Amino acid sequence: MKRRYSLGSYLSGAVAARIGDEMSGPALMLAGFTLAGSASDASALLAALTVSAAVGGPVLGALLDRAGRPGRLLGGALALYAAGLALVLLALGRVPFAVALVVAVVTGLLGPALSGGWTAQLPRVASPGRLPRANALDAMTFGAASLAGPALAGVAAEALGAPMAVVVSAVLIALALPAAWRLPDRPVRAREARAASLAGALAAGVRVIAGRPPLARATLASVVCCAAQGMLTACVPLLGERVLGGAGRGVLLLSCAAVSALAANALLARFPRAVAPDTVVWVGALVQAAALALAALERPVLLIIAVVVAGLGEGPQLVALFAVRHREAPEELRGQIFTTGASLKITAFAVGAAVAGPVASRSLTAALIVASGVALLAAPAALAIPWRKRDSWKENSPVERVGH
292 MKRRYSLGSY
302 LSGAVAARIG
312 DEMSGPALML
322 AGFTLAGSAS
332 DASALLAALT
342 VSAAVGGPVL
352 GALLDRAGRP
362 GRLLGGALAL
372 YAAGLALVLL
382 ALGRVPFAVA
392 LVVAVVTGLL
402 GPALSGGWTA
412 QLPRVASPGR
422 LPRANALDAM
432 TFGAASLAGP
442 ALAGVAAEAL
452 GAPMAVVVSA
462 VLIALALPAA
472 WRLPDRPVRA
482 REARAASLAG
492 ALAAGVRVIA
502 GRPPLARATL
512 ASVVCCAAQG
522 MLTACVPLLG
532 ERVLGGAGRG
542 VLLLSCAAVS
552 ALAANALLAR
562 FPRAVAPDTV
572 VWVGALVQAA
582 ALALAALERP
592 VLLIIAVVVA
602 GLGEGPQLVA
612 LFAVRHREAP
622 EELRGQIFTT
632 GASLKITAFA
642 VGAAVAGPVA
652 SRSLTAALIV
662 ASGVALLAAP
672 AALAIPWRKR
682 DSWKENSPVE
692 RVGH
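Position in the sequence shown counted from 1, then plus 291, gives you our numbering.
Hints may be right or wrong, so weigh each one.
Using C-beta positions, here's what the derived DEER-type ranges look like [claimed, not checked]:
no. : residue 1 : residue 2 : range
1   : Ala675    : Ile596    : 28 to 36 angstroms
2   : Arg540    : Thr325    : 19 to 27 angstroms
3   : Gly299    : Pro649    : 41 to 49 angstroms
4   : Gly359    : Arg540    : 35 to 43 angstroms
5   : Ala554    : Leu371    : 31 to 39 angstroms
6   : Arg653    : Gly359    : 24 to 32 angstroms
7   : Thr570    : Pro419    : 17 to 25 angstroms
8   : Ser297    : Glu589    : 42 to 50 angstroms
9   : Arg653    : Ile596    : 20 to 28 angstroms
Keep in mind that the hints were calculated from the coordinates and are not lab data.
On a predicted model such as this, the values are computed, not experimentally measured, just so you know.
For each residue, glycine too, the CB sits at the ideal point set by N, CA and C.
Using the sequences provided together with the hints, build the complete structure.
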């Protein structure tokens, strides 16, 4: 199957799905503001779309691990996610707003399919020797999506109207369906190792994440950093207004971070074994903490430097996180490990943004300092997890050598 399904097909599908996903949040907020007429309603829509990922991620991952043809299940999840976005759009202004929120929550259950669910299939596309580079390229699709998605949402909203921006995001996600549908089947031996019950599989996945220290450290650090990233995102409009002369210019800060993350990941793709991924995860947290502290000075040049530095920490950290997951996750639980991690990060981002909003309205500097402190805590919190002797099965794993 690897001969019939190329890495290029995988990456093209991932790019389309993830750009559509990154576009859907801003587009839905713009549509909510336009059709519901309230900024609070618009932010509530985004929160509803993201907060349910914590529940949907583990279940979706367990189902992917049990599926003989995970690509079919992944394709179905993408189709339902795109349809859910369309239903939210149809509900706005036509039915009570609470109904639109419920639809957004249900749709958000499938959000991890566009991130962790897709990445979990990478080892069946790339050979062990090419997995480190493929992993870096896969992480670059997130950077490309975070750069292009919001920009496309703004352009589409200006040119076609906010509701059409939601439609375009749904179409992009749907365009990824063929690439997902044709993903390689699970090997027969992996199918035979499937858990007898879904509940048992969910429990096993949690035990693996908590019980393997390298995976637990990487997961904890990335989740805490995502909360800090959510706090920065909530501060972006005020930073643009107060420091750069316009709230709309704040969006450009996110683009600067995305560009620097892409550049750093492009370098890692050429030298994937330069630094141990476990080290990159916690160093990336420290880099982001320093960047957020620099942003708190609220000076134009320093602010731009700060977001560039933040991207330099965030991009490699994501590559390293994927490397640790691929190395530590058993084949029969890989999908659940990835989607659970993705769902935790999405939820942490939403919580961080929700917490930072009220703080930033009172003191922007305080919000950024708190965000810096949160990112700073990620490193010691992760390193506090006890170190244990490596299991013998990991020493024989080709993925284990990534970064060494």
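Against the structure, the hints:
| no. | hint | in the structure |
| --- | --- | --- |
| 1 | Ala675 / Ile596: 28 to 36 angstroms | holds (31 angstroms) |
| 2 | Arg540 / Thr325: 19 to 27 angstroms | holds (21 angstroms) |
| 3 | Gly299 / Pro649: 41 to 49 angstroms | holds (45 angstroms) |
| 4 | Gly359 / Arg540: 35 to 43 angstroms | violated (50 angstroms) |
| 5 | Ala554 / Leu371: 31 to 39 angstroms | holds (35 angstroms) |
| 6 | Arg653 / Gly359: 24 to 32 angstroms | violated (54 angstroms) |
| 7 | Thr570 / Pro419: 17 to 25 angstroms | holds (22 angstroms) |
| 8 | Ser297 / Glu589: 42 to 50 angstroms | holds (47 angstroms) |
| 9 | Arg653 / Ile596: 20 to 28 angstroms | holds (26 angstroms) |
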